[in-house]
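Chains A and B supply the protein sequences, listed in that same order. Residues in the first sequence are numbered consecutively from 1, following UniProt numbering. Residues in the second sequence are numbered consecutively from 1, following UniProt numbering.
FYI, nobody ran anything at the bench for these hints, they're computed from the structure. Any given hint could turn out to be false.
Unchecked claim - Reference excerpt, derived from the structure (chain A facing chain B, CB under 7 Å, subset only):
no.	residue
1	Ser33
2	Gly250
3	Val264
Said to hold, decoys possible - Chain A regions said to be covered by chain B (calculated; three or more residues, Cβ under 8 Å):
no.	segment
4	255-262
5	351-363
6	383-396
Here a beta-carbon is modelled for each residue, glycine too, at the ideal position from N, C-alpha and C.
2 protein chains.
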Amino acid sequence: MKQALQGSGVRDLAMARPAVARDRSASRRANLSMVLRLLRDEGPRSRARIAEDTGLPKATVSHLIAELLDGGLVREGEAERDRGAVGRPGQAVEVDGGGIHGLGAEVNVDYISLLALNLRGEVTFERRTPLDVRAVGPEAALDAIAQLVTEGTAALRAQGGNVVGVTLATPGAVDMDAGIVKYASNIGWREVAALAGLRERLGPLTPELHLENDAKLGALAEYVLTSADNVRDLVYVTGQTGVGVGIIAGGRLLRGTGAYAGEVGHLRLVPSDQPCACGRRGCWETTIGRDALLRYAAEPGDTVRDPTIDLDRRLAELRDRAHAGDPRTLDALGRIADHLAPGLALLADILNPRLLVLGGHFAYFGEHLIDTVTTQVRDLTMAPDLGGCEIVLSQLGLAGTARGGALLALDTVYQDPTAVMASA
Amino acid sequence: MKQALQGSGVRDLAMARPAVARDRSASRRANLSMVLRLLRDEGPRSRARIAEDTGLPKATVSHLIAELLDGGLVREGEAERDRGAVGRPGQAVEVDGGGIHGLGAEVNVDYISLLALNLRGEVTFERRTPLDVRAVGPEAALDAIAQLVTEGTAALRAQGGNVVGVTLATPGAVDMDAGIVKYASNIGWREVAALAGLRERLGPLTPELHLENDAKLGALAEYVLTSADNVRDLVYVTGQTGVGVGIIAGGRLLRGTGAYAGEVGHLRLVPSDQPCACGRRGCWETTIGRDALLRYAAEPGDTVRDPTIDLDRRLAELRDRAHAGDPRTLDALGRIADHLAPGLALLADILNPRLLVLGGHFAYFGEHLIDTVTTQVRDLTMAPDLGGCEIVLSQLGLAGTARGGALLALDTVYQDPTAVMASA
Numbered sequence: 001m002k003q004a005l006q007g008s009g010v011r012d013l014a015m016a017r018p019a020v021a022r023d024r025s026a027s028r029r030a031n032l033s034m035v036l037r038l039l040r041d042e043g044p045r046s047r048a049r050i051a052e053d054t055g056l057p058k059a060t061v062s063h064l065i066a067e068l069l070d071g072g073l074v075r076e077g078e079a080e081r082d083r084g085a086v087g088r089p090g091q092a093v094e095v096d097g098g099g100i101h102g103l104g105a106e107v108n109v110d111y112i113s114l115l116a117l118n119l120r121g122e123v124t125f126e127r128r129t130p131l132d133v134r135a136v137g138p139e140a141a142l143d144a145i146a147q148l149v150t151e152g153t154a155a156l157r158a159q160g161g162n163v164v165g166v167t168l169a170t171p172g173a174v175d176m177d178a179g180i181v182k183y184a185s186n187i188g189w190r191e192v193a194a195l196a197g198l199r200e201r202l203g204p205l206t207p208e209l210h211l212e213n214d215a216k217l218g219a220l221a222e223y224v225l226t227s228a229d230n231v232r233d234l235v236y237v238t239g240q241t242g243v244g245v246g247i248i249a250g251g252r253l254l255r256g257t258g259a260y261a262g263e264v265g266h267l268r269l270v271p272s273d274q275p276c277a278c279g280r281r282g283c284w285e286t287t288i289g290r291d292a293l294l295r296y297a298a299e300p301g302d303t304v305r306d307p308t309i310d311l312d313r314r315l316a317e318l319r320d321r322a323h324a325g326d327p328r329t330l331d332a333l334g335r336i337a338d339h340l341a342p343g344l345a346l347l348a349d350i351l352n353p354r355l356l357v358l359g360g361h362f363a364y365f366g367e368h369l370i371d372t373v374t375t376q377v378r379d380l381t382m383a384p385d386l387g388g389c390e391i392v393l394s395q396l397g398l399a400g401t402a403r404g405g406a407l408l409a410l411d412t413v414y415q416d417p418t419a420v421m422a423s424a
Numbered sequence: 001m002k003q004a005l006q007g008s009g010v011r012d013l014a015m016a017r018p019a020v021a022r023d024r025s026a027s028r029r030a031n032l033s034m035v036l037r038l039l040r041d042e043g044p045r046s047r048a049r050i051a052e053d054t055g056l057p058k059a060t061v062s063h064l065i066a067e068l069l070d071g072g073l074v075r076e077g078e079a080e081r082d083r084g085a086v087g088r089p090g091q092a093v094e095v096d097g098g099g100i101h102g103l104g105a106e107v108n109v110d111y112i113s114l115l116a117l118n119l120r121g122e123v124t125f126e127r128r129t130p131l132d133v134r135a136v137g138p139e140a141a142l143d144a145i146a147q148l149v150t151e152g153t154a155a156l157r158a159q160g161g162n163v164v165g166v167t168l169a170t171p172g173a174v175d176m177d178a179g180i181v182k183y184a185s186n187i188g189w190r191e192v193a194a195l196a197g198l199r200e201r202l203g204p205l206t207p208e209l210h211l212e213n214d215a216k217l218g219a220l221a222e223y224v225l226t227s228a229d230n231v232r233d234l235v236y237v238t239g240q241t242g243v244g245v246g247i248i249a250g251g252r253l254l255r256g257t258g259a260y261a262g263e264v265g266h267l268r269l270v271p272s273d274q275p276c277a278c279g280r281r282g283c284w285e286t287t288i289g290r291d292a293l294l295r296y297a298a299e300p301g302d303t304v305r306d307p308t309i310d311l312d313r314r315l316a317e318l319r320d321r322a323h324a325g326d327p328r329t330l331d332a333l334g335r336i337a338d339h340l341a342p343g344l345a346l347l348a349d350i351l352n353p354r355l356l357v358l359g360g361h362f363a364y365f366g367e368h369l370i371d372t373v374t375t376q377v378r379d380l381t382m383a384p385d386l387g388g389c390e391i392v393l394s395q396l397g398l399a400g401t402a403r404g405g406a407l408l409a410l411d412t413v414y415q416d417p418t419a420v421m422a423s424a
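In isolation and in its complexed conformation, chain A is listed as follows (with noise of 0.2 Å):
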């Protein structure tokens, strides 16, 4: 976990390079920006090479490690013998910051939830429950998440932790600058003030806020899960009530210019007449959104229809049944992979990406999914042999969105270590 999150992951998303040092204290937060994300991307290493690979003198180097050692977000760690060096092995140094804390909050259909990563990539807070939250409106949703981000914080700062940002995931598009929610279909929000509307909630103690579309967080957090294999395009699939895509293009997130870019659900891919929330028919989601999977594999009255019970709880049961041979469930799933393959298809010819990850709902169902959808998709695509393209299930199931905004708040970490060094 933890040297996935060093593993070159969140590198270029965020945020620009840090600008040309103008003055002593900017320089000195550059450098150890650059020192701390050396460490997090390319792995613990000795000071020595630290001074090497960013052509700093040692001495600098030896007084960067120092702050950072005192701030809590490096320690040391074993001793590298370093390549070719005939002299005494370094000390190596390596990301720490256990106690410092980055939240995703989620907003989806039918559940709000929330994890905490630390600055080490250790899960240390997650919570998920049920909510049908397009019933209940924005401002009922704020509440509940805001309760949620309240009872976490407070629960990492008993134990003297520090939060230093929480991202709010949610369907839809987003205005990251000014965390407005601009339209998310199949929760009914248009227009919400979320980011102001938690603030409000939140009061004084505020964490830093950002707001990220749920399908660009998750293939964050898959993208620093697969940076360590050097997979720099990628392409995440969301599985839940709607259908998007997060784009990893060359180890940086593809946003577009209006933050629009993923946004799938609503193409027409599949002959289908199901009534969609965006008010069309036959959209992509309607043929393989959550709604679908359920409304195939069971009738009204199942209880993994039950939108009360725990979603996992739901899909475990629905995996079950497929394991077991139920004709209906494996009959659902076939329908499923069958209306995946041609979009998945689109997908793999217009952006060739090294994998496709199906996440949500879809990582459930392994091996009565992919052997399927890959062939079909194979068959699909013009480049041979998919282009050297392979589609896999995401291991971080229902979590995916949730922890790609945690990594997006430990980010704020990484662009100007000082913030939380005074503090710590």
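Use these hints to put chain B onto chain A, whose structure you have.
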């Protein structure tokens, strides 16, 4: 033109930033590169401002500029009064290099072409020759391209010019590193070792050779032109016998894991039974590509369908007919618009670019295409108001691809200015 080349285009596209300097000569190269790219991307400025922008000491900047002046890569420009400066205005420095040329050589279905740009962004050589590339086969096509490159290089060298590189552009998927065209169905090339073939034909004085897909180079050329407007996300649609797209996302070219990104010509988007060069039927490019346009617009014996006539003249003739209100031509353009729209909508939904640029033959029919297409795409995309995307015509027509190739060839100078300074 010059302004455009300096306007931030190739910046992130070709290669990563220089590695941290490990020795003095590497550090000098990196600094020369940084200064030259600053002048290209941000425009002319004084030495004082260069020092401020790069963080380099003023004395170092003066020394670097002296070297670049010596090498003919920059020149003294007009006096620049620094913002807020009270004293004497500084002398601005700007990119020069009128004698340093990059070449772009394009092989397409019905022509080959060559275009040279100098470092100032001026077109210094341009030629296009009709050729039935599929019929003559790869060897003869490479003969013809080598002949064109030899002529262009000789002409530029006769004026004392320095040709730093040649980019070969072809349709289809290419392996840049190996210099191999993997598969280009419309010209019938499969696993053609194009760069090795070209190198053999050009002999000992061969400039550095590059290989890239036509749509990606077209996107690069468009991006350089539009970057002045702060466009960071752009999709370029080729209008050739085949149709592909080049994607610029967040200011960088999106290639995909196997360089197949943008291979959209074979999507099935429009009901059609037309046979495609790829062996299938009904591919998108068979409904909007050059053959479709000419088939819709004219009978087989018509001059616009005579491949021995230069393509530009034939397309200009069709444009004249459209202007004159010829019903068959207008009907053909209406069909092209109808078939373009679903694909453009798909690209807008997935990538949310700021600009969708229509190149090649599409660029000839502005008023007869753009409004109809825009209206249809607006209806089909999910994001309100096209998500901030604008559909525009390429200003480069058939020259975009070769121009992108010339830019890519020139980028090596920005990466390592010392390579040409020795010989300047």
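Hint by hint, here is what the structure shows:
no.	hint	in the structure
1	Ser33	violated, 15 Å
2	Gly250	holds, 6 Å
3	Val264	holds, 6 Å
4	255-262	holds (count 8)
5	351-363	holds (count 4)
6	383-396	holds (count 5)
Against the hints set out earlier in the document, a violation occurs for number 1 only.
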